[in-house]
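Visitor: Listed below, chain by chain, are the residues.
2 protein chains.
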Amino acid sequence: MSLIIDCHGHYTTAPEPHNAWREAQKAASKEGRAPPPYPAISDDQIRETIEANQLKLIKQRGADLTIFSPRASAMAHHVGDQQVSADWAFHCNNLIYRVTRLFPETFIGVCMLPQSPKADLTASIAELRRCAELGFVGCNLNPDPGGGHFTHPPLTDPYWFPLYEEMCELDVPAMIHVSGSCNPAMHATGGYYLAADTVAFMQLLQGDLFSRFPNLRFIIPHGGGAVPFHWGRYRGLADMLKQPSLDRHLMSNVYFDTCVYHQPGVNLLAEVIETKNILFGSEMVGAVRGIDPQTGHYFDDTKRYVDALPISDAQRHAIFEANARRVFPRLDAILKRAGK
Amino acid sequence: MSLIIDCHGHYTTAPEPHNAWREAQKAASKEGRAPPPYPAISDDQIRETIEANQLKLIKQRGADLTIFSPRASAMAHHVGDQQVSADWAFHCNNLIYRVTRLFPETFIGVCMLPQSPKADLTASIAELRRCAELGFVGCNLNPDPGGGHFTHPPLTDPYWFPLYEEMCELDVPAMIHVSGSCNPAMHATGGYYLAADTVAFMQLLQGDLFSRFPNLRFIIPHGGGAVPFHWGRYRGLADMLKQPSLDRHLMSNVYFDTCVYHQPGVNLLAEVIETKNILFGSEMVGAVRGIDPQTGHYFDDTKRYVDALPISDAQRHAIFEANARRVFPRLDAILKRAGK
Numbered sequence: 001m002s003l004i005i006d007c008h009g010h011y012t013t014a015p016e017p018h019n020a021w022r023e024a025q026k027a028a029s030k031e032g033r034a035p036p037p038y039p040a041i042s043d044d045q046i047r048e049t050i051e052a053n054q055l056k057l058i059k060q061r062g063a064d065l066t067i068f069s070p071r072a073s074a075m076a077h078h079v080g081d082q083q084v085s086a087d088w089a090f091h092c093n094n095l096i097y098r099v100t101r102l103f104p105e106t107f108i109g110v111c112m113l114p115q116s117p118k119a120d121l122t123a124s125i126a127e128l129r130r131c132a133e134l135g136f137v138g139c140n141l142n143p144d145p146g147g148g149h150f151t152h153p154p155l156t157d158p159y160w161f162p163l164y165e166e167m168c169e170l171d172v173p174a175m176i177h178v179s180g181s182c183n184p185a186m187h188a189t190g191g192y193y194l195a196a197d198t199v200a201f202m203q204l205l206q207g208d209l210f211s212r213f214p215n216l217r218f219i220i221p222h223g224g225g226a227v228p229f230h231w232g233r234y235r236g237l238a239d240m241l242k243q244p245s246l247d248r249h250l251m252s253n254v255y256f257d258t259c260v261y262h263q264p265g266v267n268l269l270a271e272v273i274e275t276k277n278i279l280f281g282s283e284m285v286g287a288v289r290g291i292d293p294q295t296g297h298y299f300d301d302t303k304r305y306v307d308a309l310p311i312s313d314a315q316r317h318a319i320f321e322a323n324a325r326r327v328f329p330r331l332d333a334i335l336k337r338a339g340k
Numbered sequence: 001m002s003l004i005i006d007c008h009g010h011y012t013t014a015p016e017p018h019n020a021w022r023e024a025q026k027a028a029s030k031e032g033r034a035p036p037p038y039p040a041i042s043d044d045q046i047r048e049t050i051e052a053n054q055l056k057l058i059k060q061r062g063a064d065l066t067i068f069s070p071r072a073s074a075m076a077h078h079v080g081d082q083q084v085s086a087d088w089a090f091h092c093n094n095l096i097y098r099v100t101r102l103f104p105e106t107f108i109g110v111c112m113l114p115q116s117p118k119a120d121l122t123a124s125i126a127e128l129r130r131c132a133e134l135g136f137v138g139c140n141l142n143p144d145p146g147g148g149h150f151t152h153p154p155l156t157d158p159y160w161f162p163l164y165e166e167m168c169e170l171d172v173p174a175m176i177h178v179s180g181s182c183n184p185a186m187h188a189t190g191g192y193y194l195a196a197d198t199v200a201f202m203q204l205l206q207g208d209l210f211s212r213f214p215n216l217r218f219i220i221p222h223g224g225g226a227v228p229f230h231w232g233r234y235r236g237l238a239d240m241l242k243q244p245s246l247d248r249h250l251m252s253n254v255y256f257d258t259c260v261y262h263q264p265g266v267n268l269l270a271e272v273i274e275t276k277n278i279l280f281g282s283e284m285v286g287a288v289r290g291i292d293p294q295t296g297h298y299f300d301d302t303k304r305y306v307d308a309l310p311i312s313d314a315q316r317h318a319i320f321e322a323n324a325r326r327v328f329p330r331l332d333a334i335l336k337r338a339g340k
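If you're matching them up, the sequences are chains D and R in order.
Reminder that position 306 of the first sequence reads as 306 in the working numbering, one-by-one numbering, no gaps.
Reminder that position 92 of the second sequence reads as 92 in the working numbering, one-by-one numbering, no gaps.
Hints are not guaranteed to be accurate.
You can't tell identical chains apart in this list, so a pair holds if it fits in one copy or across any two.
Simulated crosslink set (DSS-like; lysine-lysine; CA at most 30 Å straight-line) [to be verified]:
#1 Lys59 <-> Lys26
#2 Lys118 <-> Lys26
#3 Lys59 <-> Lys276
#4 Lys303 <-> Lys59
Calculated directly from the structure, the hints in this document are not laboratory data.
Bear in mind that the values here come from a model prediction, so they are computed numbers and not experimental data.
Working from the sequences, and respecting the hints, build out all of it.
Guide: Now the structure itself:
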């Protein structure tokens, strides 16, 4: 029996004491005080928030497994300093770990990194290593930890290389995912996310990162931002910039998820992007929570769009399961150990 | 007989003395000197650059008329101060004016504005008025004159209102178009343009600009950035933000061009966006100048993609001509005076 693996889920419904602690931490940081102690959160509190939300929707929609990470918009790497980010990432990732222990059949962890605008990646590497030991299978990498002004070096810059070395060593991929926007001109889920996805892809196109790191793997979420819609533009830009063709230059290392919330968009994705580069994802419970009046179904029930694609069973199996197992080898190993 | 009107052409092939003057102007500005006098450029020099490039391609590809503006990536509003931008816009727009006088059947002017990061819009309004008197039918509005960090107020902010008032008074639309990027993390035509298009649409979605300016019209170029690909996401976000549906909220005022350089992208555009909101455009000679090895045709020969759409003749006429005449009433008046 094949599995349906959602590569993009966030714990957007974390227990309230967790969020309250974050507010207290931010206030303390502003005033130069130490943060209060992290509150006790019971297993039941975690169970409730999961059972009433993600687990319910996963079952209703017919998925099996979600690759689960802390709420992306709340990573807010632009807030505070390295220590603030390190403490916040530690607690967020621990909460994900507890979810994966309470629901080991359904949730596999991906960690956030304690990035901070002025910091190097030492703390991020340490947290990635800690989380890998806890059974996490990947990380979310924020290409713009400044929060909405794109002031960080491009993903091809040596600034990032120590983290990439660790990722290759651990054999974990990263989802390229910005966080909340502190820019009033840029709405997070409606502007910033898609802009950052698009900009990230172009950074990779301009560079030559994967000849240095041939095993490095990135998932660009939200269907790759604007990229598949403009696939001809990118093929043409690769040519103009005298880069190899996209398939040779990038598409052994770059993947797009299916977080595109209508059928025509997912159709386009599957038409222009090779099946091997598409991972099922829903970003659930996430950016858009309503029901599409045109279909009567949730906008983010992306499984329906993939189910409706005019593709072969083998292709659908690749999108739902096989590609995720290839991109996340540690997930594959966990599933194999469980006889799946 | 119907016309084929390309709403998005730039004078990317301007005579070399024009570009050399710009370099001299920038150097002078850096050193606090006055710029050198603007060089004499003959009609023949202009004719040559147009006949060998845009005019040749327009004829080869079978369009009739191009709405023509200064090279977008060279507007570079982030360079120098208000006076530097004012001088540069003056000369760029004059060159466009001369093209429209030399080739009145083929080119209609759209002006760049002398925006400058720290300036208000007084100079831009004056230049828009001057250009309208010269027969220009619209303007290009840069939502991020800082050049790649999105530090300007959103398009719904009162900062922009004086310009909008003038646009409504003159009955001219604006194409929302950023310029070159001074951000090493953001490639202009591959990252910045599409990111800015997407961010601009979301700014409009969040706001309520068109109830204040019901006659204001914006063209979002490059097929609307990521927007049509994520149309479900935007429909869902409008719902989540308790805004009216997109058709009522934005789509009497917002238009997308067809600068999407492959057939599947243009197909998606035409599938999800109402015909009345799509204007033929090619961004020619522009971002991508090569030939698509998959088709044997130029990537930016977007007329082919529109020709191949499974739509009615009336719809194709709307995309090629009628919508442009509606969005640019001054163009319509010029064409009517010419018996077209």
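Visitor: A separate judgement is required for each hint: does it hold in the structure or not?
Guide: Hints and how they fare:
| no. | hint | verdict |
| --- | --- | --- |
| 1 | Lys59 <-> Lys26 | neither (36 Å within a copy, 62 Å between copies) |
| 2 | Lys118 <-> Lys26 | within (17 Å within a copy, 32 Å between copies) |
| 3 | Lys59 <-> Lys276 | within (26 Å within a copy, 41 Å between copies) |
| 4 | Lys303 <-> Lys59 | within (12 Å within a copy, 46 Å between copies) |
Going down the numbered hints, you'll see the structure goes against just number 1.
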